[in-house]
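*Asks:* My request is simple: use the sequences and hints to build the entire structure.
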Amino acid sequence: MTVAEKIYGGFELNFAAANLARASLRGADLSYANAEGVDLREADLRLATLIETQLSHADLRKADLGGANFTNADLQFARLNGSNMQGVILKGAVLNGADLSEVENLDIDALRSAIGDGETRLPAQFASCHIWNL
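With full-length UniProt numbering, the residue at position 51 of the sequence shown is 51, and numbering never jumps.
Hints are computed from structural coordinates only; laboratory data are not their basis. Hints are supplied without guarantee of correctness; some may be wrong.
Unchecked claim - EDC-like mimics (lysine to aspartate or glutamate), calculated; alpha carbons at most 20 Å apart, straight line:
hint : residue 1 : residue 2
1    : Lys62     : Glu42
2    : Lys91     : Glu104
3    : Lys91     : Glu119
What the hints assert, rightly or not - Label pairs and their in silico Cβ distance ranges:
hint : residue 1 : residue 2 : range
4    : Lys91     : Cys129    : 24 to 32 Å
5    : Ala16     : Gly92     : 20 to 28 Å
6    : Arg22     : Gly92     : 24 to 32 Å
7    : Lys91     : Ala16     : 19 to 27 Å
8    : Ser24     : Gly87     : 15 to 23 Å
9    : Ser128    : Glu104    : 14 to 22 Å
10   : Ala21     : Glu102    : 17 to 25 Å
11   : Asp109    : Tyr32     : 23 to 31 Å
12   : Ala127    : Phe15     : 32 to 40 Å
13   : Ala17     : Asp109    : 27 to 35 Å
14   : Asn14     : Cys129    : 31 to 39 Å
15   : Ala124    : Ser24     : 26 to 34 Å
16   : Ala124    : Asn14     : 35 to 43 Å
None of these values were measured; they are calculated from a predicted model. Built from N, CA and C at the ideal position, the CB exists for glycine as well.
*Replies:* Next comes the structure, spelled out in structure tokens:
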């Protein structure tokens, strides 16, 4: 049984500050979970559902986030640099202070549907964009 199968379902989960580096969470439903400060470096989160998940200060460096749904998730001060973000959904996600430098395959429209601030570090190709009208 994979980790994803064990935690699938979106019921109340608390894995704040857990070490899940390189975990296989593909397709997992982590909605409404508390994952503040979790270590998800190089984890497989493809097609995962993280609606309204608390991920502030999470380490998602080099994670595969392809197709993941982060609707209304709290990603404040999260480290996402080096992650694959192809097809990711960021509608209403809070990215204040998050590091998105060097992310791969991020779509400008996905980014525009998120909430960011002047401390959000964007990929170089978006550096001159005024995405959030600051």
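*Asks:* Taking the hints in turn, state whether each one holds.
*Replies:* Hints versus structure:
1. A hinted pair counts as satisfied when its Cα atoms are at most 20 Å apart, and Lys62 with Glu42 qualifies at roughly 5 Å.
2. The suggested pairing of Lys91 with Glu104 holds, with an alpha-carbon distance near 18 Å, which does not exceed 20 Å.
3. This hinted pair checks out: Lys91 and Glu119 have alpha carbons roughly 19 Å apart, not beyond 20 Å.
4. Judged by the Cβ atoms, the range 24 to 32 Å given for Lys91 and Cys129 is violated: they are separated by roughly 18 Å.
5. Restraint check, Ala16 to Gly92: a C-beta distance of roughly 22 Å satisfies the suggested window 20 to 28 Å.
6. One distance hint, 24 to 32 Å for the beta-carbon pair Arg22 and Gly92, holds here, with the actual separation near 29 Å.
7. The hinted window of 19 to 27 Å between Lys91 and Ala16 holds, with their beta carbons roughly 24 Å apart.
8. A C-beta distance of roughly 19 Å is found between Ser24 and Gly87, which places it inside the suggested range of 15 to 23 Å.
9. In this structure the hint that Ser128 and Glu104 lie 14 to 22 Å apart at CB holds, the actual value being about 19 Å.
10. Roughly 18 Å separates the CB atoms of Ala21 and Glu102, a value that falls within the hinted 17 to 25 Å.
11. Remark: the range hint 23 to 31 Å for Asp109 to Tyr32 is upheld by a beta-carbon distance near 26 Å.
12. Range check, Ala127 to Phe15: Cβ separation about 33 Å, and the 32 to 40 Å hint holds.
13. Distance hint for Ala17 and Asp109: a CB-CB separation of about 33 Å, consistent with the stated range 27 to 35 Å.
14. Remark: the range hint 31 to 39 Å for Asn14 to Cys129 is upheld by a beta-carbon distance near 36 Å.
15. Checking the proposed 26 to 34 Å range against Ala124 and Ser24 shows it holds: the Cβ atoms sit about 30 Å from each other.
16. At roughly 36 Å, the beta carbons of Ala124 and Asn14 sit within the given window of 35 to 43 Å.
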